[in-house]
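> Sequence:
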Amino acid sequence: LLLYMAEGAMGFPVFQGTPEKGVGIAYMLGSTGGYLAGFVVMAAIVGWAADRGWDRHPIKLFNAMLVAEVVMMAMGFAWLALLIGPEKSWQFGVVPFIVGDLIKV
Numbered sequence: 714l715l716l717y718m719a720e721g722a723m724g725f726p727v728f729q730g731t732p733e734k735g736v737g738i739a740y741m742l743g744s745t746g747g748y749l750a751g752f753v754v755m756a757a758i759v760g761w762a763a764d765r766g767w768d769r770h771p772i773k774l775f776n777a778m779l780v781a782e783v784v785m786m787a788m789g790f791a792w793l794a795l796l797i798g799p800e801k802s803w804q805f806g807v808v809p810f811i812v813g814d815l816i817k818v
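In the numbering used here, the protein residues as written are 714 to 818.
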């Protein structure tokens, strides 16, 4: 995952919506930056839970995945709020994704 982020930072077009030649660190500092950082933290949380055997217990796994999702969304919301304000960040960066993210969990 960190290599994926490094590729994006170097300008490779690995992120959704990046132009063919990529835009590197500028893209990562844009509106999706908090979500990208949150994605790394999310993976760490779920990995931590799996290392402790939670992946073999559906309720524990669900809880770990839910916490990871909330952390990722909170990081994305906070970053986006710095760019466009908290109201718009909530309206455009969180609300449209709640149902889909719960289904993914």
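One or more hints might be untrue.
The following label-pair restraints were derived from C-beta to C-beta distances [as the list claims (entries may be wrong)]:
#, residue 1, residue 2, range
1, R769, A739, 37 to 43 Å
2, I772, V736, 40 to 46 Å
3, V736, R769, 38 to 44 Å
Hints are computed from structural coordinates only; laboratory data are not their basis.
Values in this document were obtained by computation on a predicted structure and should not be read as measured data.
Glycine is no exception: its CB is placed at the ideal position from the N, C-alpha and C atoms.
> Of all the hints numbered above, which does this structure not satisfy? Sort the numbers upward.
none
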